[in-house]
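Based on the provided sequences and hints, a complete structural model is requested.
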Amino acid sequence: MTTQKARQIWALGGGKGGIGKSMVVGGMGIHIAQLGKKVILADTDLGGANLHTCLGLPLPKVTLDDFIKRRVEKLEDVVCETNCDNLGLISGAQEFLAAANPKHAQKIRLLKKLQSLDIDYLILDLGSGTSFNILDFFLISDNGIIMMVPEPTSVENTYRFLKGAFYRRLRRVTIYREIRELIELALDQKNIRGIKTPRDLVEEIERMDKKLGRILSEEAFKFRPKLIINQVRMDKDIELGFSVKNICSQYLGIQLDYLGYIYYDDCVWQSVRKKKHPILEYPDSKASVGIKMVANNLLQNQQFRL
Amino acid sequence: MEKFLQRNYYQILDVDFRASKIQIKRAFEIAKETYGSDSLAAHSIMSPEKGRRFLSKIMEAYRILIDDDSRRLYDQYLVKTSQEFVGSSEVGLETASPNGQLLPDDTPPSKDPLPPFVRASQLSGTGAEKKTEGDDTLAKEGRYDGPELRRIREEKGIGIRTIAEKTKINITTLKFIEENNFKLLPAPFYVKNFLVQYCRCIELDPEKVTESYMKFYALYKEGKKLFK
Ligand SMILES: Nc1ncnc2c1ncn2[C@@H]1O[C@H](COP(=O)(O)OP(=O)(O)OP(=O)(O)O)[C@@H](O)[C@H]1O
Ligand SMILES: [Mg+2]
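For the record, the sequence lines run as chains D and W. Using the numbering used here, the first residue of the first sequence is number 1, and each one after it goes up by one. Using the numbering used here, the first residue of the second sequence is number 1001, and each one after it goes up by one.
Some hints could be false.
Reference listing, derived: stretches of chain W covered by chain D, where coverage requires no fewer than 3 residues with Cβ under 8 angstroms from a Cβ of chain D [said to hold, decoys possible]:
| id | region |
| --- | --- |
| 1 | 1041 to 1048 |
| 2 | 1061 to 1074 |
Heads up, incomplete: computed chain D residues facing chain W, CB under 7 angstroms, no partners named [unchecked claim]:
| id | residue |
| --- | --- |
| 3 | 75 |
| 4 | 80 |
| 5 | 83 |
| 6 | 156 |
| 7 | 238 |
| 8 | 246 |
The calculated lysine to aspartate or glutamate pairs, modelled on EDC-like cross-linking and capped at a C-alpha distance of 20 angstroms, are [what the hints assert, rightly or not]:
| id | chain 1 | residue 1 | chain 2 | residue 2 |
| --- | --- | --- | --- | --- |
| 9 | W | 1166 | W | 1141 |
| 10 | D | 236 | W | 1033 |
| 11 | D | 112 | D | 156 |
| 12 | D | 113 | D | 156 |
| 13 | D | 236 | W | 1029 |
| 14 | W | 1050 | D | 237 |
| 15 | D | 236 | W | 1038 |
| 16 | D | 190 | W | 1049 |
| 17 | W | 1032 | D | 203 |
| 18 | D | 196 | W | 1049 |
| 19 | W | 1025 | D | 235 |
| 20 | W | 1050 | D | 203 |
| 21 | W | 1215 | W | 1179 |
| 22 | W | 1032 | D | 206 |
The set of hints was computed from the structure by calculation and includes no laboratory data. Glycine residues also receive a C-beta, built at the ideal position from the N, C-alpha and C atoms.
Structure below.
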């Protein structure tokens, strides 16, 4: 494997709560740290942080909240040590719900500092939902990863998340009022123009203005979110990744990369109960193998295929 | 949605224009699974009706691309209708096996985020790349279409004018034959007749050639509405 000197930010989100995001962020972090990279995990799930528990750590004394509220000046001061070499943790705010909605200026300061940390990999645990905060962290990352489980609600949430992120991205690169208005319109599923998907939107804009449409479709093409399927139990669940990828490209007009899958595995909750991470407790279990596969695919910039 | 129905078959199956048969089969299986009636992936995002429309287009694309002859014709059709066309958007990451190792992939990874604009001359149907491959010609497989006949004729250094003079066949018609321009060619009976004469001039087995060529012709007739 080639050493990647450039620091990278990965962000893992997913529309649905409690599907294993924190577990996988922890596992990927441990795995990469074991490969000798400097890694920091950051819990940006402001308000519902529990990444520390996944790593078997007690509630940290300093959290992101202290940085946001400027009780500490340097972001480095809220990085806690973990049980693993090369792996640090920035814990999310626990009880200060007000922090769950940082002001824009606070967010910018946080993003800038996160981007300038002197490490190899920064992995953000975004928590669940599709709030603007979450989408913004997702969009600034080098690899925006979305996690899904093979259930209808989770699949539905995945599309919602992807659409939300896509529109927000387009909105950011657009200075034209007409386009912003069209994006607003697209967000309403029952809009009169019949814009149901990002693809429809880009096509509608192409109709209005060829050059603008071209710029936007290039922009759309640069948006390359990644997909992980967790808690798979059978082959059909693995195949689901290819199907979602197909629908994203054919119907939504979003280029999704399928990174791989992680088996549902009893050893996960067994180790969670012992307050240990499965990747340390059962490194050869099906779940741990899946986490490593996904992390390796990201490291090598490739996707999973049968 | 409307645009989907207008996209080319490669795009509809989400494969590269150089995709192998295995890749096309695999893409078709995924697509069938994806838009089938009990698909978990489609259920929350598209109506069953829309899924069915996708599926029927996908079947159509598969039928054309899985057969060597109809695929060749289709490629030529694409070249004729547009000088360049966009293949599948699959240029992102390289292929990985389940254990994370790199597999050889015939699509080179591209750093360019833009869709790959494929030059018409790279298409299998133009005959351009066949020339450089030497031995690996259609004729070797006993398949003869217009461009292949032209390639053989030129290889033997026989001008199209010479054939026109010898056979008294109109030069434009000869050109239509060599271009697979079935739309403007006369009825099969005449085409067969022309072909036999053409073959005599360039010393090819008339029986073999007409049989293969007329298959291309029939495919075109059959798929005419698809190629519109
Ligand atoms: N692959 C798996 N096999 C078995 N159990 C799993 C697996 N992945 C996750 N779980 C179970 O799901 C629980 C929730 O995981 P986790 O806390 O990581 O979810 P989350 O997505 O971060 O939740 P939240 O949205 O609340 O932050 C774990 O404690 C574990 O018991
Ligand atoms: Mg969590």
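Restraint satisfaction for residue 80(D) [CB to CB of chain W, less than 7 angstroms]: This hint is violated: residue 80(D) lies away from chain W, its Cβ roughly 30 angstroms from the closest one there, beyond 7 angstroms.
20 angstroms Cα cutoff - pair residue 112(D), residue 156(D): violated (32 angstroms)
Residues of the region 1041 to 1048 of chain W with Cβ under 8 angstroms from chain D, three needed, outcome: Our answer is that it holds, as 6 residues pass the Cβ test (under 8 angstroms) against chain D, meeting three.
Three-residue Cβ test at 8 angstroms for the coverage of the region 1061 to 1074 of chain W by chain D: Since 0 is below three, the answer is violated.
Proposed interface contact between residue 238(D) and chain W, which counts if any beta carbon pair is under 7 angstroms: violated (9 angstroms)
Satisfaction of hint between residue 156(D) and residue 113(D), Cα-Cα up to 20 angstroms: Not OK: residue 113(D) and residue 156(D) at ~34 angstroms, beyond 20 angstroms, violated.
20 angstroms Cα cutoff - pair residue 190(D), residue 1049(W): holds (18 angstroms)
Supplied contact hint for residue 83(D), tested at 7 angstroms Cβ to chain W: For residue 83(D), the interface hint is violated, since the closest Cβ of chain W sits about 25 angstroms away, which is over 7 angstroms.
Holds or violated: residue 1032(W) to residue 206(D), with C-alpha atoms at most 20 angstroms apart: violated (30 angstroms)
Proposed proximity, residue 1029(W) with residue 236(D) (alpha carbon, max 20 angstroms): holds (12 angstroms)
20 angstroms limit on alpha-carbon distance, applied to hinted pair residue 1215(W) and residue 1179(W): holds (15 angstroms)
Satisfaction of hint between residue 203(D) and residue 1032(W), Cα-Cα up to 20 angstroms: Roughly 26 angstroms separates the two Cα atoms, so the pair is violated.
Violated hints, listed in ascending order, are 2, 3, 4, 5, 7, 9, 11, 12, 14, 17, 22; each of the other numbered hints is respected by the structure.
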